[in-house]
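Please model the complete structure; the sequences and the hints are all you need to start from.
Using the numbering used here, read the sequence shown as starting at 49 and increasing by one per residue.
Calculated from the structure, these hints are not laboratory results.
A few of these clues could be false.
[To be verified] Heads up, simulated EDC-like pairs for lysine to aspartate or glutamate below, C-alpha to C-alpha not over 20 Å straight-line:
#: 1; residue 1: K208; residue 2: E230
#: 2; residue 1: K176; residue 2: E230
#: 3; residue 1: K51; residue 2: E163
#: 4; residue 1: K95; residue 2: D70
What you are looking at is a predicted structure, and each value in this text was computed from that prediction instead of being measured.
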Amino acid sequence: RQKSLKLRLLNAQDKLTAYYSDQLFGDQGGRARSYLQGRGVSVRSAKAFRLGWASGDKAAFERFMEDREISADDLMHLGVLLPPDEGWRPREPLQGGYLRFRQRLMFPVVDLRGEVMGYSGRILDSSKKTAKYVNSPETPLFTKGDQLYGAYTARTAARKSGRIVLCEGNVDVIMLWEHGYEGTVAAMGTALTPNQVRLVKRLNKSVVCVMDGDEAGTKAAFGSLLP
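Next comes the structure, spelled out in structure tokens:
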């Protein structure tokens with residue numbers, strides 16, 4: 049039963065990633081496309097990393113669920129759909145439920161097999177008093193400390209180049225990939241976990257650590273140098 053659930057959730061998350069991508073390149077994704085263009089991220093890179101846009105449009109999301117035959121239960125397992133505080137309300141969009149990702153640029157976290165395990169959603173308006181990034185919660189598929197952002201896109205280049213580049217953020221991975229450093233990944237946190245270390249070693253045992261030049265980046269760099 050657990051295996052069947054995971055396969056169903058992987059299928060649902062693959063469809064969801066396509067939906068977010070359609071929104072990015074559709075009418076609602078203009079702000080997100082402008083942001084990516086301003087950061088120097090090409091359409092080629094956006095498609096390679098399967099970037100998307102979560103508009104938070106409940107009615108559109110409900111139509112997507114119906115068209116692709118994805119259940120509310122599965123989306124709650126994935127932490128994408130949250131139940132309402134005061135009970136379901138059948139006459140409202142999503143029956144009154146909430147979407148975790150709203151008005152966020154979506155970075156799918158893809159494992160070495162090419163399966164989408166979860167998401168990291170970035171707010172575009174830094175003036176808003178909300179978290180810059182919101183990640184998927186712990187789910188049957190996703191544990192943050194088990195994943196590296198960019199692992200799938202880095203796998204071949206990391207073997208061919210003889211090293212893996214470890215940087216700090218999702219956009220850093222994409223920008224380095226854009227400029228020819230395709231064997232690049234980022235830890236999903238301020239320091240590598242033991243499981244992430246094992247994953248880095250699977251990609252390549254020679255690691256170049258390139259963190260930001262500020263105090264937080266220095267701390268992250270030394271925090272990643274585990275014995």
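Outcome of the hint check:
Between K208 and E230, the direct Cα distance comes to roughly 10 Å. Compliance with the 20 Å bound is thereby established for this hinted pair. Among the hinted pairs, K176 with E230 is inconsistent with the structure: their alpha-carbon atoms are about 33 Å apart, more than 20 Å. Restraint check for K51 and E163: the C-alpha separation of about 15 Å stays at or below 20 Å, so the hint holds. Between K95 and D70 the alpha-carbon distance is near 11 Å, which keeps this suggested pair within the 20 Å criterion.
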